[in-house]
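For the sequence shown, position 513 (counting from the first letter as 1) is numbered 513 according to my numbering, and the numbering increases by one without interruption.
Wrong hints could be hidden among the right ones.
Below, simulated EDC-like cross-link-like pairs (lysine to aspartate or glutamate); rule was C-alpha separation at most 20 Å, straight line [what the hints assert, rightly or not]: (1) Lys367 - Asp329; (2) Lys367 - Glu336; (3) Lys482 - Glu538; (4) Lys548 - Glu602; (5) Lys105 - Asp36; (6) Lys274 - Glu264; (7) Lys273 - Glu238; (8) Lys548 - Glu479; (9) Lys266 - Asp248; (10) Lys552 - Glu538; (11) Lys139 - Asp111; (12) Lys523 - Asp486; (13) Lys22 - Asp123; (14) Lys314 - Asp288; (15) Lys335 - Glu351; (16) Lys564 - Glu608; (17) Lys212 - Asp223; (18) Lys230 - Asp209; (19) Lys229 - Asp203; (20) Lys70 - Glu108; (21) Lys147 - Asp248; (22) Lys133 - Glu35; (23) Lys242 - Asp209; (24) Lys294 - Asp261.
Label-pair restraints from in silico Cβ distances [stated by the list, open to error]: (25) Ile444 - Leu491: 20 to 30 Å; (26) Lys229 - Glu254: 19 to 29 Å; (27) Arg265 - Glu336: 41 to 51 Å; (28) Asn194 - Glu64: 52 to 62 Å; (29) Asp295 - Lys101: 52 to 62 Å; (30) Asn167 - Lys101: 25 to 35 Å.
In short, the hints are calculated from the structure, not lab data.
Note that CB positions come from ideal geometry on N, CA and C, so glycine has one too.
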Amino acid sequence: MNSPVEEIKSEKRILLLKYLKKNHSRYETLFSYNEDSIFVLDIEGHVVQSNPTFQQLTGYSHTEVDEKLKLQLLFPIDQINRVFHHFSNAVLGRFPNFDCKIITKIGEIFDLNISFIPISVDDQIVGVWAVGKDITELKRKKEEIRKVEEMQRVLTDNILDVIISTNLQGEIVYVSPSSEYILGYEPNEIINQNVLALVHSDDVKNAFDNRKKVLSSQENGRDSFRIRKKSGEYIWVESLSKPIIAHDTLHVLEIVSVIRDITERKKVEEEAKKREETYRNLVEYSPDAVIIAKDSLILFINETGARLFGAANKREIFNKTLDEMVHPDFHQIAKERELNVMAGHVTEFTEFKLLRLDGSEFVAEVKGIPTIYENQLARHIIIRDITERKKTHELLLNSEKLSVAGQLAAGIAHEVRNPLTAIKGFLQIMETEDNNHKSFFEIIQSEMDRIELILSELLVLAKPHELKFNAVDLITLLENVKTLIDTQAVLNGIQITLNYNIHNLTIHCDQNQLKQLFINLLKNAVEAMPDGGNITIEVKQYGFSMVKIYFKDTGRGMPQEILKRVGEPFFTTKQDGTGLGIMISKQIVENHGGNINIWSDEQGTIIELILPIASERLH
Numbered sequence: 001m002n003s004p005v006e007e008i009k010s011e012k013r014i015l016l017l018k019y020l021k022k023n024h025s026r027y028e029t030l031f032s033y034n035e036d037s038i039f040v041l042d043i044e045g046h047v048v049q050s051n052p053t054f055q056q057l058t059g060y061s062h063t064e065v066d067e068k069l070k071l072q073l074l075f076p077i078d079q080i081n082r083v084f085h086h087f088s089n090a091v092l093g094r095f096p097n098f099d100c101k102i103i104t105k106i107g108e109i110f111d112l113n114i115s116f117i118p119i120s121v122d123d124q125i126v127g128v129w130a131v132g133k134d135i136t137e138l139k140r141k142k143e144e145i146r147k148v149e150e151m152q153r154v155l156t157d158n159i160l161d162v163i164i165s166t167n168l169q170g171e172i173v174y175v176s177p178s179s180e181y182i183l184g185y186e187p188n189e190i191i192n193q194n195v196l197a198l199v200h201s202d203d204v205k206n207a208f209d210n211r212k213k214v215l216s217s218q219e220n221g222r223d224s225f226r227i228r229k230k231s232g233e234y235i236w237v238e239s240l241s242k243p244i245i246a247h248d249t250l251h252v253l254e255i256v257s258v259i260r261d262i263t264e265r266k267k268v269e270e271e272a273k274k275r276e277e278t279y280r281n282l283v284e285y286s287p288d289a290v291i292i293a294k295d296s297l298i299l300f301i302n303e304t305g306a307r308l309f310g311a312a313n314k315r316e317i318f319n320k321t322l323d324e325m326v327h328p329d330f331h332q333i334a335k336e337r338e339l340n341v342m343a344g345h346v347t348e349f350t351e352f353k354l355l356r357l358d359g360s361e362f363v364a365e366v367k368g369i370p371t372i373y374e375n376q377l378a379r380h381i382i383i384r385d386i387t388e389r390k391k392t393h394e395l396l397l398n399s400e401k402l403s404v405a406g407q408l409a410a411g412i413a414h415e416v417r418n419p420l421t422a423i424k425g426f427l428q429i430m431e432t433e434d435n436n437h438k439s440f441f442e443i444i445q446s447e448m449d450r451i452e453l454i455l456s457e458l459l460v461l462a463k464p465h466e467l468k469f470n471a472v473d474l475i476t477l478l479e480n481v482k483t484l485i486d487t488q489a490v491l492n493g494i495q496i497t498l499n500y501n502i503h504n505l506t507i508h509c510d511q512n513q514l515k516q517l518f519i520n521l522l523k524n525a526v527e528a529m530p531d532g533g534n535i536t537i538e539v540k541q542y543g544f545s546m547v548k549i550y551f552k553d554t555g556r557g558m559p560q561e562i563l564k565r566v567g568e569p570f571f572t573t574k575q576d577g578t579g580l581g582i583m584i585s586k587q588i589v590e591n592h593g594g595n596i597n598i599w600s601d602e603q604g605t606i607i608e609l610i611l612p613i614a615s616e617r618l619h
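Hey, can you work out the whole structure from these sequences and the hints?
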């Protein structure tokens, strides 16, 4: 049978275990993730629970702890009496904190700072929390600091750098003799002064923040700032600050700073920085794209380059390689030029086909220059977008073609008009002498008038005549044009339908030009459907002041590469075409203040005309 004392101890152990079980979730995070060693002792000194940090430090597993690991097994013999003294105080309700050594399962010894915290259940102490902080490294550092301090006493009087020790308020409590050489002050002249009083006003905040960081982190700090000499002149210094920490309280006592004059170095750095900034600005804001690359890796790109390749920001470019931005047809020549540049040669501007991030192509001139970037051999690549230059060149060519077309048109029109005038004259004479064939003469006269109209339109290429704008009913005009084309359409198995939901739609236009425009578009639609089909003309009001006219056919359509060139002078897909029809049509629409848009695919072609409505209709 157990003695009353043993029964009390047993009851307290049971209460302790119940307490730990009940509060398991509450202390789980504390146990699992705490960097300190935490273990629970019953009042007999048995370890009943521990966290992973304790197990890792001592080498005892969770199972071994459960097998009643005893307190005396954790400490060297010469430490046991001291540890049990503090443990007894904790069982009596005190909160002792002390430093001691702990011995691991394999005999290693560490320095530990231990706090014993009583565990009370139902107004009785049933166990003790033990929180151990490993201070082995701290003690080692304290020893190092002691050695450094010893060495400092030897060195401070013999080095050119200024050594300053300041208290927590920033007051200078020690300064080395070299202060007279560097700053012009004898040590006793600045003792008890606040070190920040010597710092340039523009640098005080930075120096204060750095000092605050050293105090809070208890780690070394490095900073540079301007400091005032006795003469009033300011010099740039670099300060390496180290906190002096009390071994018992772990509080910072002082900050020791080594101050070195870096004025000359700062001047060199500032000059280099200005040169680099100037170069960077020249590159960054260059109208040409600039890429610095090594192999296929992009190291740098300026804003112009990011925009040229369609990137929202530079990071999108850095995720790509140069190979991905060069059209596959140009990979071989790009590789050859890369080898030339890396061999130290400058390559001249060469035309390349490049790819934007969205996959679209564009043409640019590219030049490569060998350079050094971040201490490694690299390529300075200049990319000059020549898209607009290409367009301008094409416009000049088209303008030249148009000029030639105008000259040809003028010559043809005049050459045809001369004999036509003679024919009309003789026809009128014949008409007065022969009344039996009056209907024939009227037909001939009508056709000749038609020829003269066509010649007049042809002269527009050479010298556009003055437009004669009148109020014209659009629906009536379209009905008349439809009637003219219907015969040809029926012969080709084509049905033309005119759809509109508005009446009395008046527009100001040159009636002859607009009629020519509609005829051109309908004839093109008819010719696009050799096997028959449907042509639909739709009229819709567009806003308050515009009207849209759609010409839709069910022909074979045009490939995109052909559609892009529609409207170029002399470009045609017809065997006997001149390539002037669409160009003249566009000119007529523009003369009337409108727009023309064309869509086409294998299901047919849609031409959209947008024209202004006569202003009186708006009132």
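Structure-based check of each hint:
Annotation: proposed proximity of Lys367 to Asp329 holds, straight-line Cα distance about 18 Å (limit 20 Å). A threshold of 20 Å between alpha carbons decides the hint, and for Lys367 with Glu336 the separation of about 13 Å falls inside it, so the pair holds. A hinted pair counts as satisfied when its Cα atoms are at most 20 Å apart, and Lys482 with Glu538 qualifies at roughly 12 Å. Taking the CA atoms of Lys548 and Glu602, the gap is about 23 Å. The hint is violated against a cut of 20 Å.
Among the hinted pairs, Lys105 with Asp36 is consistent with the structure: their alpha-carbon atoms are about 18 Å apart, no more than 20 Å. Only pairs whose Cα atoms come within 20 Å are accepted, and Lys274 paired with Glu264 is accepted, the gap being roughly 16 Å. For the hint linking Lys273 to Glu238, the alpha-carbon distance of about 18 Å falls within 20 Å, and the restraint holds. Proximity of Lys548 to Glu479 is assessed by CA-CA distance (about 16 Å); at most 20 Å being required, the pair is judged to hold.
Under the criterion of a C-alpha separation no larger than 20 Å, the hint pairing Lys266 with Asp248 is inconsistent with the structure, at around 41 Å. For the hint linking Lys552 to Glu538, the alpha-carbon distance of about 8 Å falls within 20 Å, and the restraint holds. Between Lys139 and Asp111 the CA atoms are separated by roughly 8 Å; this keeps the pair inside 20 Å, and the hint holds. Between the alpha carbons of Lys523 and Asp486 the distance comes to roughly 10 Å, so the proposed pair stays at or under 20 Å and holds.
Only pairs whose Cα atoms come within 20 Å are accepted, and Lys22 paired with Asp123 is accepted, the gap being roughly 17 Å. For the hint linking Lys314 to Asp288, the alpha-carbon distance of about 16 Å falls within 20 Å, and the restraint holds. For the suggested pair Lys335 and Glu351, the alpha carbons sit about 15 Å apart, so the restraint of at most 20 Å is met. Proposed proximity of Lys564 and Glu608 is supported: the alpha carbons are some 16 Å apart, at most 20 Å.
Taking the CA atoms of Lys212 and Asp223, the gap is about 12 Å. The hint holds against a cut of 20 Å. At most 20 Å may separate the alpha-carbon atoms for a hinted pair to count; Lys230 and Asp209 exceed this at roughly 25 Å. Proximity of Lys229 to Asp203 is assessed by CA-CA distance (about 15 Å); at most 20 Å being required, the pair is judged to hold. Straight-line distance between C-alpha atoms of Lys70 and Glu108 comes to about 17 Å, which keeps the hinted pair within the 20 Å bound.
With a C-alpha separation of about 18 Å, the suggested pairing of Lys147 with Asp248 holds against the 20 Å cut-off. Between Lys133 and Glu35 the CA atoms are separated by roughly 8 Å; this keeps the pair inside 20 Å, and the hint holds. The suggested pairing of Lys242 with Asp209 holds, with an alpha-carbon distance near 15 Å, which does not exceed 20 Å. Distance hint between Lys294 and Asp261 is unfulfilled; the C-alpha atoms sit about 38 Å from each other, more than 20 Å.
Distance hint check: the CB atoms of Ile444 and Leu491 are about 23 Å apart, consistent with the given range 20 to 30 Å. Between Lys229 and Glu254 the beta carbon distance is about 24 Å. The supplied range of 19 to 29 Å therefore holds. Evaluation of the 41 to 51 Å hint for Arg265 and Glu336 yields a pass: the beta carbon distance comes to about 44 Å. At roughly 57 Å, the beta carbons of Asn194 and Glu64 sit within the given window of 52 to 62 Å.
A hinted range of 52 to 62 Å for the beta carbons of Asp295 and Lys101 is consistent with their spacing of about 58 Å. Range check, Asn167 to Lys101: Cβ separation about 33 Å, and the 25 to 35 Å hint holds.
Violated hints for the displayed structure, listed by number in ascending order: 4, 9, 18, 24.
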